[in-house]
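Order-wise, the sequence lines are chains R and A. Just so we're aligned, residue 721 is where the first sequence starts under this note's numbering, counting upward by one. Just so we're aligned, residue 8 is where the second sequence starts under this note's numbering, counting upward by one.
Bear in mind the hints are in silico, worked out from the structure with no lab data behind them. C-beta atoms are modelled at their ideal positions from N, C-alpha and C, and glycine is treated no differently. Check each hint, because a few of them may be wrong.
Quick look at which bits of chain A chain R covers, simulated, 3 or more residues with Cβ under 8 Å [as the list claims (entries may be wrong)]:
1. 74-80
2. 113-120
3. 123-135
Label-pair restraints from in silico Cβ distances [unchecked claim]:
4. R:807 <-> A:17: 40 to 50 Å
5. A:88 <-> R:872: 26 to 36 Å
6. R:861 <-> A:173: 38 to 48 Å
7. R:916 <-> A:154: 32 to 42 Å
8. A:203 <-> R:880: 29 to 39 Å
9. R:863 <-> A:173: 28 to 38 Å
10. R:840 <-> A:37: 25 to 35 Å
11. R:770 <-> A:17: 37 to 47 Å
12. R:790 <-> A:18: 50 to 60 Å
13. A:190 <-> R:824: 21 to 31 Å
14. R:843 <-> A:192: 42 to 52 Å
15. R:959 <-> A:101: 49 to 59 Å
16. A:40 <-> R:872: 46 to 56 Å
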Amino acid sequence: MNKLYLWGIIIIASMLGFTYISVIRSKGGLNGDIINILTIVGAVALVIITVLVVIKYVRQMQTDTADGELVDQTWDGIGEYRNELPFGWAISFLLTIIWGMWYFTVGYPVNAYSQIGEYNEDVVVHNNKFEKDFNEKMANFSETQKAEYMINMGESVYLAECKICHGLTADGIDGKSTDLNEWGSAKAIVDVINNGSKGLGYPLGEMPAGTASGADALDIAIYVKNGLSGETGSEAFAVSCASCHGADGKGMGGMSPDLTTYDMPAFTVDVLNRGKKGAIGEMPAFNRLNDKQKEAVGAYINSLSE
Amino acid sequence: MFHWLEKNPFFFAVVVFLTIAFAGIVEILPSFAQQSRPVIGTKPYTTLELAGRHVYIKNSCNGCHSQLVRPFKSETDRYGDYSLSGEYAYDRPFLWGSKRTGPDLWRVGNYRTTDWHENHMKDPIAVVPGSIMPAYPWMYTNIADIDTAFAEQLTVAQFFSVPYNKPVPMKDGSTVIVKMGKSVADAHSLALAEAKLIVADMKDQDVKDAVANGQIPEIVAIIAYMNSLK
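The following block holds chain R by itself, in its conformation from the complex (with noise of 0.2 Å):
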């Protein structure tokens, strides 16, 4: 009997006496309770375990000769086995290295994570998103729900970017911008015609204050109104407007504001694709809403002034 034995056997035996005085003997104790019970079960065999392994290598390491077949070389004087590689190991090396190479070429690139990656497929999935829903709730609309319902988009539109300028009521908040309820009206035309438009941009440039005055605006006025058309003001239009605007008011092909389209979405679109540096203040480009948005603005601030 080695003296190792008997060190395991006296370690075992405390460790398991002490197990027994403070588990079993103690208040509650295992309690019957199977996970109690499985827990000492546990114990007492690692304990066991332990004990053999450290006394198996402990023995192996007072008794144990080398054997195996040396290398021809020594390392100042210390030799070395001949081990092959596990095979085991081989394949796993060649798996590793097969691998990487898929990793740095395809694992990694393809699915790396990018914070503006993820932002562009948002983009992509909302404008389909709205895409669709529009296309479908058109498809399915009456003339007058798609005219109401437009309005509606324009109004949650303009009460997030434009009431900060414009008021809630969209009356301009004291004259601090332009009064959106009369935009499209008569009224608004002759302000213009007495204050000029600037900013817009055209090749032609700004409009200058009181081409026309008194009657004549007032004519002017109600003859753009009306699309144009009609025997009041036509006469005082070619005299004061058609030399920048054309006589059919179309703006001569982009070289100014077309107003034909006056009281309809596109004149509105054609302000916030450009911005303006009106009488009052100056307004920015909206380019970051989309062209239905735009087109929903127009319909909604038309629709205040009628």
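Keeping the supplied structure of chain R fixed, place chain A upon it in accordance with the hints.
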């Protein structure tokens, strides 16, 4: 030498450290430098804009307003394109902020204008019903500190090579030259010229008179700064 190193663990450790540190520098520094290079279209602040930036910091606007648009659809819908790190190349310090009590201001120049700011800073609730932003009436009387702004311009031009008086490339392929004065008096006249352009869109008669007399109230400087954020 390697043989010697193998016998001297301390110096071996030093050389290992240096090797790894060098590899780190080679890997990290170039991409860091690339990221912090100004984005095309980013230009240095003018004297008046810098003075406005100082007003912004002085009044702790950055306590409630952030200057960083994150890449989320909800944010880009509201504020415009998400921010890029190179856009902050001339911001010293950057004013990203960490809390939005008010909205983000990084691109406020795209959707608010001089006259709007004028009305809003005087009485926020009159323009934005329900706003909790306080009014800043003193900005209409306090005079902006152009000297400090000019001192900052001189410093950053000298030590960080901020391209004042040099062509800066813009997005449309053109170049813009942001001027910096040669002397304090020169800087004042440049700032005043800039202030006159802004005051042309303002209505407050006292502010207009002050600028006509060669004084620049803080409100003009901060509006110049707000308009420059695009």
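How the hints compare with the structure:
| no. | hint | in the structure |
| --- | --- | --- |
| 1 | 74-80 | holds (count 3) |
| 2 | 113-120 | holds (count 4) |
| 3 | 123-135 | holds (count 5) |
| 4 | R:807 <-> A:17: 40 to 50 Å | holds, 42 Å |
| 5 | A:88 <-> R:872: 26 to 36 Å | holds, 28 Å |
| 6 | R:861 <-> A:173: 38 to 48 Å | violated, 58 Å |
| 7 | R:916 <-> A:154: 32 to 42 Å | holds, 40 Å |
| 8 | A:203 <-> R:880: 29 to 39 Å | holds, 34 Å |
| 9 | R:863 <-> A:173: 28 to 38 Å | violated, 60 Å |
| 10 | R:840 <-> A:37: 25 to 35 Å | holds, 26 Å |
| 11 | R:770 <-> A:17: 37 to 47 Å | holds, 39 Å |
| 12 | R:790 <-> A:18: 50 to 60 Å | violated, 35 Å |
| 13 | A:190 <-> R:824: 21 to 31 Å | violated, 58 Å |
| 14 | R:843 <-> A:192: 42 to 52 Å | holds, 50 Å |
| 15 | R:959 <-> A:101: 49 to 59 Å | holds, 58 Å |
| 16 | A:40 <-> R:872: 46 to 56 Å | holds, 51 Å |
Comparing the model with each numbered hint stated earlier shows that hints 6, 9, 12 and 13 do not hold.
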